[in-house]
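S.K.: Here is how the chains run, residue by residue.
2 protein chains.
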Amino acid sequence: MTNKDARTPASTQNPTETSEATGAGKSIGWHKAYVEGSRPDLRVPVRQVHLTNGQSVTLYDTSGPYTDPLVDTDVRRGLAPVRENWIVARGDTEEYVGRPVRPEDDGIKHTSPRGGLRNLDAVFPGRPRLPRRGRAGKAVTQLAYARRGEITPEMEFVAIRENVSPEVVREEIAAGRAVLPANVNHPETEPMIIGKRFLVKVNANIGNSAVTSSIEEEVEKMTWATRWGADTVMDLSTGRNIHTTREWVLRNSPVPIGTVPLYQALEKVDGKAEELTWEIYKDTVIEQAEQGVDYMTVHAGVRLAYVPLTANRKTGIVSRGGSIMAAWCLAHHKESFLYEHFEELCEILAAYDVTYSLGDGLRPGSIADANDEAQFAELRTLGELNRIAKRHDVQTMIEGPGHVPMHKIKENIDLQQEICEEAPFYTLGPLTTDVAPAYDHITSGIGAAMIAWWGTAMLCYVTPKEHLGLPNRDDVKTGVITYKIAAHAADLAKGHPGAQEWDDALSDARFEFRWEDQFNLALDPDTAREFHDETLPAEPAKTAHFCSMCGPKFCSMKISQDIRREHGGSRTEIEEGMAQKSREFAEAGNRVYLPIAD
Amino acid sequence: MTNKDARTPASTQNPTETSEATGAGKSIGWHKAYVEGSRPDLRVPVRQVHLTNGQSVTLYDTSGPYTDPLVDTDVRRGLAPVRENWIVARGDTEEYVGRPVRPEDDGIKHTSPRGGLRNLDAVFPGRPRLPRRGRAGKAVTQLAYARRGEITPEMEFVAIRENVSPEVVREEIAAGRAVLPANVNHPETEPMIIGKRFLVKVNANIGNSAVTSSIEEEVEKMTWATRWGADTVMDLSTGRNIHTTREWVLRNSPVPIGTVPLYQALEKVDGKAEELTWEIYKDTVIEQAEQGVDYMTVHAGVRLAYVPLTANRKTGIVSRGGSIMAAWCLAHHKESFLYEHFEELCEILAAYDVTYSLGDGLRPGSIADANDEAQFAELRTLGELNRIAKRHDVQTMIEGPGHVPMHKIKENIDLQQEICEEAPFYTLGPLTTDVAPAYDHITSGIGAAMIAWWGTAMLCYVTPKEHLGLPNRDDVKTGVITYKIAAHAADLAKGHPGAQEWDDALSDARFEFRWEDQFNLALDPDTAREFHDETLPAEPAKTAHFCSMCGPKFCSMKISQDIRREHGGSRTEIEEGMAQKSREFAEAGNRVYLPIAD
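Protein sequence lines, in the order shown, are assigned to chains A and B.
So this note's numbering is basically just the index in the first sequence, starting at one, shifted up by 2.
So this note's numbering is basically just the index in the second sequence, starting at one, shifted up by 2.
Some clues are possibly wrong.
Copies of the same chain look alike in the list, so a pair counts if it works inside one copy or between any two.
[Unchecked claim] Here are the simulated SDA-like cross-link-like pairs (lysine to any residue), alpha carbons at most 20 Å apart as the crow flies:
| id | residue 1 | residue 2 |
| --- | --- | --- |
| 1 | LYS316 | ARG516 |
| 2 | LYS284 | GLU345 |
| 3 | LYS410 | GLU503 |
| 4 | LYS410 | HIS498 |
Keep in mind the hints are simulated off the structure, nothing from the lab.
Chain A on its own, in the form it takes in the complex (with noise of 0.2 Å):
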């Protein structure tokens, strides 16, 4: 991905410079860019790494306007509606007085004195808006309309993204390989592309729930995950005012925001998990599909026969959501009303071009319950289900696993994959031991790099609090890099296009003691840099021939630049000067090999 490097769109194509009022920018060694598309209002923003020996790299950015010093955000405004265009101009959607807001949507009681009906202006004061949807008899999705040939704006921008071309963006959403999440009621997005062909995205989870935090938390979490790489967000909110937090997260939000709408229902019937009903939840999809959540986690495949599976479990059903249909179900003694009502709910996902996660409600708690009949079993239902949504054009990605030991992770996605027609895959982890609370972000981003090397589409990260408490800011960072981490690993092992060259500019970097040059090409610059400064805190060691590893007097790196100085550049040259310069060498006192006094 450097700029030298002619096969790939983002390098060819000069990014535009925000200008040199970036300055701020420029001397943390990288500033915001942006690769201009077909159109003037299609700008694909990217950080640009400014190299000390006047290269530069471009990378992947998802960061939002947050981090261009041009723009001015305000949270209270929300972000600049930037596919707003695209969506009116195809004319297919439209706008209409939506759902009204009711206090219950924020858990607040009906007889609380807080209660009356509210609006979205309300909610939201800083951006008056209708919601859309599609109008009737028009199908508004990424897939339907890759179906029929048609590139959006959003297919090119991904390419542009992607460095792919456009057809390989639109081919890979028409097969189902691929997901574009993007809400029409969602219009801030930077879109994005979930599919094996692509970059291995990662998601991270936010949300309050009963028992802490607050929406501006919640507001800044967001930022701060995209800040570092994250390239989807969920809102798993339980508690208090979580339409309200939604609404906020997503006016502030350049990512695609997930949830888990069963979550919001249950707050409604006051957490009974038995008095969910259909109408409940279809009305409280339709009050976040209006809101312009992007994808969301339906658990359709906890069906009631799978239940006495996870009898015999060690832990049982780990998922919320899955042991809130398993309730459901035993209560009832009846068949899932998501599994039952799944036609129905593909037409409202729809209107709205709401992408579906199909949840793994039985996914395995533990080591002793991977690969489990449980899991297998609602797996072949989303397979049933998935090509049930691409009927009904619904762009659909399939959910994965949870506790799964290194020897049975692959067995995980070739199942998946076969079974759902090559339909994304989207897992949590897995984490490949039990035995290390605190540490889950590790246990799990080893099987998260494994997974997605073998086709794993995107990363839910696991944060270090897993099975421990909430994530605070610090958590969250560890999360989405240990994740990019693993996310990187795998487009290197996938040999994704581009993929290596910012090793390579690392590695070269480091090898020709460029200290801030590693620094800025890092995943973390600040720890970095931090961390030299331990050691060797001193300006002058940041251009310095060695590191505290060795220290001056002996350096491998060192050593080995001056072999290939003194010996010429190619192998070729080394071997027939060998013998002559051994000499000189000696002549010379020897020292060219130790060249810094002690």
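Knowing the structure of chain A, use the given hints to seat chain B on it.
M.R.: Positioned in the frame of chain A, the structure of chain B alone reads:
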């Protein structure tokens, strides 16, 4: 590895509790215990975790006497020489007046006012001793004993530790598929074994450098690393006091200590690689063997002809030892003195039972250089040297990379096993991407888990400071924990007998909301407890049937438990009783699924 399990020696034998005096240990949920072997002086330490349900779990323990409150440790006296009687009883070694300790052994120049000869007693006054070596004509290595069919106390010790029969241990050592590093001059070690048939081991590097750190810090780092699970420790010191630091580390170490003698030899010639000679190197090896170093990295595979193979690499030679030898070969235009004198070196190592760790001086230092001609040329030479070492009864393991993308990892272990006749592979990571300095414990933990699954016997840890600075106490802990995760994930994937019982015990505790048991079973109980306290600090939360993830109103684990309790324990019962129970629930108000009031 639970006590209930009848299959394994460590479980069927009741560990001897150190006594009721270990109350302090018990209050934190675990204490040190010992499994006695066939003789009273053969006591294998274990970590006994006491669960709140009355059961206990027995875990492998590397922490040495420091975690036994009944043992009064004092770094000035060193640890008790637990193996001394076994060594002496064999009657094949002798004490002798060793090589005098010289000022330059500690990096002090001849002209220094602090110069003059010193003896071992002066270096470590706490335990005066003479060095020991094999008598003339006696083969005193564990490999020699194993080949003769002899099961030593050391072999019995590791058999108990690994839950296998002593005969399996003997066979694996005799075949060269495992090593038991145990210098006759390091009687303080608790024997351990490195081989693919056994639990995957983890090495932690410590060591001062020319830039920073002290003797006290290094001894402290060693005990700290073993406290968290390091199976061996390499002292890679390169600065002043190198001899004295090593002596203090050895006298206080319950685990085998490894070194790279070339580093100290280089110090003795003032950092001038070309001034190294076989005589200086040999003298350094004897110096370290007399002190008790258990295994030594020897870069004898870096041959003159291979150096030009690195010329077109992105990062040249990144191994310090490799680049020192490359510089020497080129300066003299001669074959490596280590390669030329390898048989003589075997004779020295055999006399002390020092184990070879044949260094990979040409390992790749970047993704771009992985699996190249230079790397594999050296590996073939290591295969040749392995055969020579075995002829001399010297135990041998082979070092491996480095930086390798995931899809190229398996080739490394497969080739090594083939070329080196299944000698134990000992790898550094490998790092699966170059783009995350400050997180290379994670980039490499991914590769480490995979290569260990495929057969690597020991993993050399990488800390977050890799490439950036010297690890501090926190970095050492993070590195060790990360690598224990990788090692245990590999043990699970290899189906190591008993490995999953640890995961199962923790998952049971999780499912049954036994929070204290979860913490005490965790690889890092302190951090797990601390993370839980951050969100839910109150003491009752430690026994609460929910956590901060979902809050008290809804918990998937709780629902699973309720389903199981209400519907009977087995699948058949659930199926039969479902319809009936459904009615009963409705009558009872369906509250059973959500029994905790808001």
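S.K.: First find the shortest C-alpha distance between LYS284 and GLU345 inside one copy, then the shortest across copies, and answer within, between, both or neither for a cut-off of 20 Å.
M.R.: Within one copy only: 12 Å inside a chain, 79 Å across chains, cut-off 20 Å.
S.K.: Since the copies are identical, ignore which copy is meant and state whether LYS410 and HIS498 lie within 20 Å (CA to CA) inside a copy, between copies, both or neither.
M.R.: Classified as between: cross-chain Cα gap 15 Å, same-chain 25 Å, threshold 20 Å.
S.K.: Between LYS316 and ARG516, at a C-alpha cutoff of 20 Å, which is it: within one copy, between copies, both, or neither?
M.R.: Between. Shortest inter-copy distance 14 Å satisfies the 20 Å Cα cut-off; intra-copy 52 Å does not.
S.K.: Reference check for the pair LYS410 and GLU503, CA-CA at most 20 Å: within, between, both, or neither?
M.R.: between (32 Å within a copy, 17 Å between copies)
Of the numbered hints stated above, none is contradicted by the structure.
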